[in-house]
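Colleague: The primary structure of each chain is shown beneath.
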Amino acid sequence: MHRHDLNTIAALADGSLKDETTARALVESCDECRIEYESHRVVIAALAAVEPATMTDLEKAALHRDLWTDLRADAAPAVKTPPWWYRWSYAAAGVFVVVGLVGVVSQLGGVSTSDSAAPAALEPPADGTDDLAVLEADKGEADELGAAETTIASAEDVASAEDAGTAEDAGDGTETPSRSLDVATFSLLVEQARSIEPTSSEAAATYSSDETARRAADCVQDAGLSAEEVIGEVDVSTMYLLTVAIGEEIDADTVFTVVDFETCKVLSVEG
Amino acid sequence: MTSPGTDSELIARVVSGDRNAFNELMRAHEDRVFSVCLRIMGDREKALDAAQETFLTLFRKAGQFKGESALGTWIYRIAVNTCYDQLRKAKRRPSEHLPDHVDPSDPSAEDAMESAALRPDIEEALKALPAEFRAAVVLSDLEGLSMPETANALGIPVGTVKSRVFRGRRLLAKKLGNQTAS
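Chains as they are written, first to last, in my numbering: chain A, 2 to 272; chain B, -19 to 162.
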């Protein structure tokens, strides 16, 4: 039996031949061909009897949930951890400023020490203005030293804030600017919220701990959304809180608000 | 399966970031993707993992779809390649085989298991096939793809598909024959 015959027999068995005349003649005239044909038919029939595989409802729900979780992770802004030398460079810069200031102060101190050899310089000025100048200078030095220390603290805060996934709040006490959220991430959050059962915000939020629940509630209050409540799963890795009006039915018309879980500010959606 | 026109529209919407379009795409293809994954992986849990990975890849690479083949065929190709990858990984990292998991609290689970399960002899025979033969037989004889469609989905020439299907059927027949004999 030739290879060509085998292909013909296989095609005859699965019904893909346009003209079966030659193939049927082959099978009828050759025992080996007939056995080959029958074995194909048995396998094809056995496979054809198999019903299509379907997923259970729970399996489908799990597939969708897990998939959107992964896609959401994809859409989340990548956190780039700076290299160690980059982080240390902030501290080094701070130390450099401190050392420089200490040097300046030392030099100033040295001048006054050498001046102390002159008795006239030790005498208090009659009008006390130099006292004031010294006090102001001291205050200035203190401010500069304080500023240097703040620089270090800020640098460390920046480094740690970057480690924590944000460099928004460097711990310098300034107002944190509102961030924005891209449409893709927002859509993923909404998609997840819409897949939650029951379709009401009541009891639709789940928290990994009581502490997380408290933090989320406080965050929503801080964001000025006292008439809103959180929806969705919230754990330590959550970056955004999705909120809806209390008791709101979740449907196509539901208005969602996103709060940055780190800064507790309402985010605008851009894109 | 969705129609070609709908397919290209859907994929264009997915590429433009429309998540609803992706959901629609998933719903249209998830059963067939799962079916292929189940037949190739031979295990429900692994098939679900493979199906999830398939759709992740589909989402990430949606922009690479050129429309040269039907979207369904392209998705089959991703599914088969995903299964191959996971089988290779499993081979490198052999682990204890876990029984197929179906949540007993799911009312539809029993029906689905009954309708989806291959006959034990066929299932065992299919599992025993080399992965390349198994994929060819599954797409051609179980999913009903034509030889050119199977070739497209597997990324191999039609002649190679014919050979793999032919040899796969032969091995299956031999295995089924042995099971019947025993």
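Please note: incorrect hints may appear among the correct ones.
Computed cross-link-like contacts, DSBU-like style, restricted to lysine-lysine with a CA-CA straight-line distance of at most 35 Å [as the list claims (entries may be wrong)]:
(1) B:K71 with A:K61
(2) A:K61 with B:K155
(3) A:K266 with B:K155
(4) B:K155 with B:K46
(5) A:K19 with B:K69
(6) A:K19 with B:K155
(7) B:K154 with A:K19
(8) B:K142 with A:K19
(9) B:K26 with A:K61
(10) B:K69 with B:K154
(11) B:K41 with A:K61
(12) A:K61 with B:K142
(13) B:K107 with B:K155
(14) A:K61 with B:K69
None of these hints come from the bench; they were simulated from the model.
On a predicted model such as this, the values are computed, not experimentally measured, just so you know.
Colleague: Can the restraint linking B:K154 and A:K19 be considered satisfied, given a maximum Cα separation of 35 Å?
Modeller: 28 Å, holds
Colleague: Is A:K19 within 35 Å of B:K155, Cα to Cα?
Modeller: At roughly 30 Å apart (the allowed maximum being 35 Å), B:K155 and A:K19 satisfy the hint.
Colleague: Holds or violated: are the alpha carbons of A:K61 and B:K155 at most 35 Å from each other?
Modeller: 33 Å, holds
Colleague: Hey, A:K19 versus B:K69, does the alpha-carbon distance stay inside 35 Å?
Modeller: Roughly 42 Å between the alpha carbons, so the hint for A:K19 and B:K69 is violated.
Colleague: Is A:K266 within 35 Å of B:K155, Cα to Cα?
Modeller: Violated, at roughly 65 Å.
Colleague: Decide if the proposed pair is consistent with the structure: B:K155 and B:K46, CA atoms, cutoff 35 Å inclusive.
Modeller: The hint is violated at about 40 Å.
Colleague: B:K142 and A:K19 were given as a pair; does the straight-line alpha-carbon distance stay at or below 35 Å?
Modeller: 16 Å, holds
Colleague: Does the alpha-carbon distance linking A:K61 and B:K69 stay inside the 35 Å limit?
Modeller: It holds: about 25 Å lies between the C-alpha atoms, which stays within 35 Å.
Colleague: With the threshold set at 35 Å, check whether the alpha-carbon distance from B:K69 to B:K154 stays at or below it.
Modeller: 28 Å, holds
Colleague: Within a Cα-Cα threshold of 35 Å, do A:K61 and B:K142 meet the stated pairing?
Modeller: Distance ~34 Å between A:K61 and B:K142 Cα, so the pair holds.
Colleague: For the pair we were handed, B:K107 and B:K155, check the Cα-Cα distance against 35 Å.
Modeller: With a Cα-Cα distance of about 11 Å, the restraint between B:K107 and B:K155 holds, given a limit of 35 Å.
Colleague: Hint check: B:K26 vs A:K61, CA-CA at most 35 Å. Holds or violated?
Modeller: 14 Å, holds
In summary, the numbered hints that this structure violates are 3, 4 and 5.
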